[in-house]
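There are 2 protein chains.
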Amino acid sequence: MGAVSDIADAAKRILLGRPMRSEHLGNTLLPKRIALPVFASDALSSVAYAPDEILLTLAIAGVAASTVSLWAGLGVVFVLIVVVLSYRQNVHAYPSGGGDYEVATTNLGAPAGLSVASALLVDYVLTVAVSISSASQYAASAIPALRGHEATAAVVAVVVLALVNLRGVRESGTLFAIPTYCFMALIGLMAAVGAVRYFAGELPMAESHDFEVAPSAGFDQGLMGLAGAFLFARAFASGCAALTGVEAISNGVPAFRKPKSRNAATTLALLGSISASMVVAILLLAQATGVKYVEDPATQLTLNGAPPPQTYAQHPTIGQLAAAVFQGFSPAFYAISAITGLILVLAANTAFNGFPVLGSILAKDGYLPRQLHTRGDRLAFSNGILTLAVAAVVLILAFDAQVTRLIQLYIVGVFVSFTLSQLGMVRHWTRELRRQPDPVERKRMLRSRVINVVGFGCTGFVLIIVLLTKFTHGAYIAILAMAALYVLMLAIHRHYGRVRDELELDDVAAARALPSRVHALVLVSKIHKPTMRALAYARASRPSVLEAVTVGVDADDIAELTARWESLDLPVPLRVLDSPFREISRPILKYVRSIRRESPRDLVVVYIPEYVVGHWWEQLLHNQSALRLKGRLLFTPGVVVASVPWQLSSSQGHTGLEDTTYVQGRVPRF
Amino acid sequence: MGAVSDIADAAKRILLGRPMRSEHLGNTLLPKRIALPVFASDALSSVAYAPDEILLTLAIAGVAASTVSLWAGLGVVFVLIVVVLSYRQNVHAYPSGGGDYEVATTNLGAPAGLSVASALLVDYVLTVAVSISSASQYAASAIPALRGHEATAAVVAVVVLALVNLRGVRESGTLFAIPTYCFMALIGLMAAVGAVRYFAGELPMAESHDFEVAPSAGFDQGLMGLAGAFLFARAFASGCAALTGVEAISNGVPAFRKPKSRNAATTLALLGSISASMVVAILLLAQATGVKYVEDPATQLTLNGAPPPQTYAQHPTIGQLAAAVFQGFSPAFYAISAITGLILVLAANTAFNGFPVLGSILAKDGYLPRQLHTRGDRLAFSNGILTLAVAAVVLILAFDAQVTRLIQLYIVGVFVSFTLSQLGMVRHWTRELRRQPDPVERKRMLRSRVINVVGFGCTGFVLIIVLLTKFTHGAYIAILAMAALYVLMLAIHRHYGRVRDELELDDVAAARALPSRVHALVLVSKIHKPTMRALAYARASRPSVLEAVTVGVDADDIAELTARWESLDLPVPLRVLDSPFREISRPILKYVRSIRRESPRDLVVVYIPEYVVGHWWEQLLHNQSALRLKGRLLFTPGVVVASVPWQLSSSQGHTGLEDTTYVQGRVPRF
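Note that the protein sequences, when read in sequence, are chains A and B.
The first sequence begins at 1 in the working numbering and counts up one residue at a time.
The second sequence begins at 1 in the working numbering and counts up one residue at a time.
Okay, chain A solo, but in the shape it has when bound (with noise of 0.2 Å):
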């Protein structure tokens, strides 16, 4: 209401758009070539940073891009295989797109289901955090002006992406397409020159290839007993940030063609093929380059036993690669961090996207508050877009927009969900078997479930590593964050539950009867239009007793109101209540109090006068006291209170209308 609402209005419709119909949604499936794009930027993004921790964790100790971070990144690739395979079974047994959510509730129960929720929520909320970090650090590596001023970078890019899915964009999958396809075009031919260039002989070295990596304390023996096997199993950890993404298609089966499930899971295979040749490539041409990559160049990289030069600003290793693999050229370079920047956005977008969608899921079942649920309501969606930037904006200053740090937080979430989901996939095997007789199919099931097992079992390990390796890193905040969600939602839901069970019909006769009569009390403090008009409704609806009744403040003003109400010969009696304290609304209850001890089976109607008014200011020049009386009056049973508006003239030109919730058209992606 009001000239504020106006221009928030006006602002909204230009910031958000028009609003869409709902039958749109339907009409968006998407075609392979554009579901990958679509699903992909998250898991293919990811090899933007993923390399790098691989990479800076091993040169603790003092080793550079070698063979041992080739078999690191091996095995995130060995994982990567196994959860591609284990989540095309997924996809087959659920096509309807619930997601390691849906998994996790229907084989494990409730538990394992909030657990799988509260690891996505808090993932969610890294994703975005870790890859417009990454994103401004790229962006920083193109533009030295950015440089120190990455968190201000990151801060701004996350409100530009809230902004953009509050208006709700309809991406046309196309705007996803171009960049991910260019992004695996320009790292496909990077990788492709390099071979070319190392196999002539005449493959330039990396721009660090000189530096020297100084081991830290307690590593001068490189990687060696069991410090040195602790720091390659964190140096793998840290690179399976690289599979984050991957349940994104498990979540988006109904976008698909049909058949929804053979596309989604040769989607899935697709990207995987992709994900890990990435991997593989980046790693090998680091090492063939010479590639070093610390956490601190200035303490851990000396050149001929003295510390790098001041000006010396150490690059992502795709942005090494880059420079080093089209030497001469250097647009090459900036085309690679510009669409790696891009497409971490991209992969930031996709969060912003899975946490509405999700707080919409777990309200439905009654773990978020219910206004979340409705996908009809645009609100939804708001609060689930706001709550998710300012959890990432809260990360990413917390953290100085430091991939680095922000790294040891993330991942866990994600092991949580992959190593439950295929947990309740063995189940969910097991217990289809029991009810199969067909062989075929049986071997069929049986061959899923086996790689089921070998997904949780694998999963399940790297989960314990994770959480061994990073906990005291940092893990321990992002399992916190999990505990706390977990305990509000179960809270939520029980609260639903008991409210649930309050509001049962059980006894339908009693439900059905009605009260005796009908006592209607009008509340008169002035003579005027809105009170007459309010007498007026409350005499149509023709109650068994109506009065007026008015609080006796100050004795003149009550002797006006008395002598008044007399001259007009109005139908209705006045009754003036006193109130020794000079306050309005105790004397009203008590009196409404007192009719319902003298007959309890009575109705009483409160028939209040209420201004309408169209701007907010005018709100605090007006009504106080009748708000705060109708709000206590609600806590007695028995009575009903009628608001009878009076549309004041400056509340004309509103309708009510106006504020539409209708829904923002935006692809169902997952």
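Just so you know, the hints here were simulated from the structure itself, not pulled from any lab data.
Any given hint could turn out to be false.
[As the list claims (entries may be wrong)] Distance condition first, Cα-Cα at most 25 Å in a straight line; then the derived PhoX-like pairs of lysine-lysine:
id: 1; chain 1: B; residue 1: K529; chain 2: A; residue 2: K630
id: 2; chain 1: B; residue 1: K526; chain 2: A; residue 2: K364
id: 3; chain 1: B; residue 1: K630; chain 2: A; residue 2: K529
id: 4; chain 1: A; residue 1: K630; chain 2: B; residue 2: K630
id: 5; chain 1: A; residue 1: K529; chain 2: A; residue 2: K630
id: 6; chain 1: A; residue 1: K526; chain 2: B; residue 2: K364
id: 7; chain 1: B; residue 1: K630; chain 2: B; residue 2: K529
id: 8; chain 1: A; residue 1: K630; chain 2: B; residue 2: K364
id: 9; chain 1: A; residue 1: K260; chain 2: A; residue 2: K443
id: 10; chain 1: B; residue 1: K529; chain 2: A; residue 2: K364
id: 11; chain 1: B; residue 1: K258; chain 2: B; residue 2: K32
id: 12; chain 1: A; residue 1: K32; chain 2: A; residue 2: K260
id: 13; chain 1: B; residue 1: K630; chain 2: B; residue 2: K526
id: 14; chain 1: B; residue 1: K364; chain 2: A; residue 2: K529
id: 15; chain 1: B; residue 1: K630; chain 2: A; residue 2: K364
id: 16; chain 1: B; residue 1: K32; chain 2: B; residue 2: K260
[Said to hold, decoys possible] With the Cβ distance kept under 7 Å, some of the chain A side facing chain B (calculated, not the full set):
id: 17; residue: E502
id: 18; residue: L514
id: 19; residue: A536
id: 20; residue: R539
id: 21; residue: V644
id: 22; residue: P645
Heads up, the beta-carbon is just placed ideally off N, CA and C, and yes, glycines get one too.
Chain B: place on chain A using the hints.
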């Protein structure tokens, strides 16, 4: 409602005390011996800083406490006497306690009254800021640890005062009497001892006696020429701060014992004499002991040609005098500092009483939001107290609790109010004279008019001097604030006027017309107890048409709902409204409008089942769409919104009666 407000209630009870029946207020009429201290603290306390400001301003010309400062002081005393004599006329003519606002409004019209009101509101804020800043200066003078933290100490003091006033302590008068009489006694004792020692030729010199005051640029010749005259006028204007608080008695006449006016006039005369004696005594003593008081000791004072030692901390004049007069007996210095600080706090406290009372009068006249009026509603006073405290804290922080800078803003308002009030009194007598035939009475009135004419001339002259000498030093801020308040209050008044005209009962016959039929709708989202209750209540009111209405968002849900509705065999049809955009409010609004369009003389009553919850956070989990819908339905003419509450078990123990709005006991001081 809810646990939060339980705690809030308990906290309020502890902090703000038990409520008090309003009849008690009548029994607290004040005898003169209590009325004097109750009303005097504001006026008397200004002698704690007014002489300092005279000395400090004259010091700019290199002049120390001397005959010149005495002349300025005598000028102040002269104005004081004139003002006291003038206000004795006010007290007799307006015994109702309306004060300057009433006098100006009645005799000069609403704009003059509103100007006075704006001026007084601004001055109440400045009274708090100046008094508390000065008190913290005295505190820092006695407690060296506070030096440099005067602003913090002042803010803490304002907060404590605000809390005490929110609690609404029923000051027994004694609470005021003791420190006020102590202050008078101590200053009197100091003057007497000082006089005796002076005539005995053994009065010690003040600690600042040996310093030289260096004249500022342009005043090498001392207090000469136009600049000198202007500076003298500024010193006089600053000294006029001693007059603030004199008008307090004219607002407080109803609190006096009978004969009210006579007693008030006598108290006024007493107050004037005491105030005048104190100012003169302090300036005389300052001259005799050679006090030097400057704005910035480090640059303005010299000792044998060199700047004062780093450790030199300049004490306020009263402090320096106490140290000199009672030399060798330090408890006297501490006692005078403490009691002066206390009296300044009491002076600030009078503003905490005056501001909400004036606000309440202005609200009654429709210049401020009407909720501020009802005296019975403690909120009125609470809001006033909080507004005053916040404004004073802002001023204290903005001016770093420096009395000398704050005093530039001060007294403009007081003299605006004095001048308009005296002009109003002149008009008053002129009008009274027209209808008074009795020659004895006429003679008395003519004399009164002469006094008020002199008062008007005198205060108007001071107002001009204040404006001329202080405008650029800060008075313009006070004037801007007054103008802003004036415009705001006028806008509020116009708004209320427009609304009153709009609501005026012009056509009684039309207002009596009843709607032809009642079309009742019961909103149904689920079939549970609250819905059944709403249905029963709607049926009990026997409308012409009764329908249950639901919005079809989810086809499955609707199918289930209609099936259950039919199985229950309810005597009310269920209408399902289409919702292409899957939202709730709009289809209902449209349906209501369509009913109104078809039969415009029908009344539509919409019954909304509503949950009443016991905790604020439960509100977040329920009712959101019901609340939004209610707000929008009220924009439609011819609609009554009937809330049918369902009290959830968590709301039990809440009666709606807890949040009392009792009047807090307070002495109606003015």
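So, going through the hints one by one against the coordinates:
In summary, the hint linking K529/B to K630/A is supported, as the alpha carbons are separated by about 22 Å, within the 25 Å threshold. A C-alpha spacing of about 15 Å is found between K526/B and K364/A, which places the hinted pair at or below 25 Å, so the restraint holds. Between K630/B and K529/A the CA atoms are separated by roughly 22 Å; this keeps the pair inside 25 Å, and the hint holds. Among the hinted pairs, K630/A with K630/B is consistent with the structure: their alpha-carbon atoms are about 13 Å apart, no more than 25 Å.
Pair hint K529/A plus K630/A holds up; C-alpha atoms about 20 Å apart against a cutoff of 25 Å. Proximity of K526/A to K364/B is assessed by CA-CA distance (about 15 Å); at most 25 Å being required, the pair is judged to hold. The straight-line distance between the Cα atoms of K630/B and K529/B is roughly 20 Å, inside the 25 Å bound, and the hint therefore holds. At most 25 Å may separate the alpha-carbon atoms for a hinted pair to count; K630/A and K364/B meet this at roughly 24 Å.
Between K260/A and K443/A, the direct Cα distance comes to roughly 23 Å. Compliance with the 25 Å bound is thereby established for this hinted pair. Annotation: proposed proximity of K529/B to K364/A holds, straight-line Cα distance about 21 Å (limit 25 Å). For a cut-off of 25 Å, the pair hint linking K258/B to K32/B stands: about 10 Å separates their Cα positions. Between K32/A and K260/A the CA atoms are separated by roughly 10 Å; this keeps the pair inside 25 Å, and the hint holds.
At most 25 Å may separate the alpha-carbon atoms for a hinted pair to count; K630/B and K526/B meet this at roughly 18 Å. At roughly 21 Å between alpha-carbon atoms, K364/B and K529/A fall within 25 Å of each other, so this suggested pair holds. Between K630/B and K364/A the alpha-carbon distance is near 24 Å, which keeps this suggested pair within the 25 Å criterion. Taking the CA atoms of K32/B and K260/B, the gap is near 10 Å; set against the 25 Å cutoff, the hint holds.
Here the hint on E502/A is kept, as its CB sits about 6 Å from the closest CB of chain B, short of 7 Å. Taken as an interface hint, L514/A checks out: its beta carbon lies about 5 Å from the nearest beta carbon of chain B, inside 7 Å. Satisfaction of the interface hint for A536/A is found here, the shortest Cβ-Cβ separation to chain B being roughly 5 Å, below the 7 Å cut-off. With a least beta-carbon distance of about 6 Å to chain B, the hint placing R539/A at the interface is held under the 7 Å criterion.
Among the interface hints, the one on V644/A holds; its C-beta lies about 5 Å from the nearest C-beta in chain B, closer than the 7 Å criterion. The restraint placing P645/A at the interface with chain B holds, with a minimum CB-CB distance near 4 Å, inside the 7 Å limit.
In summary, this structure violates none of the numbered hints.
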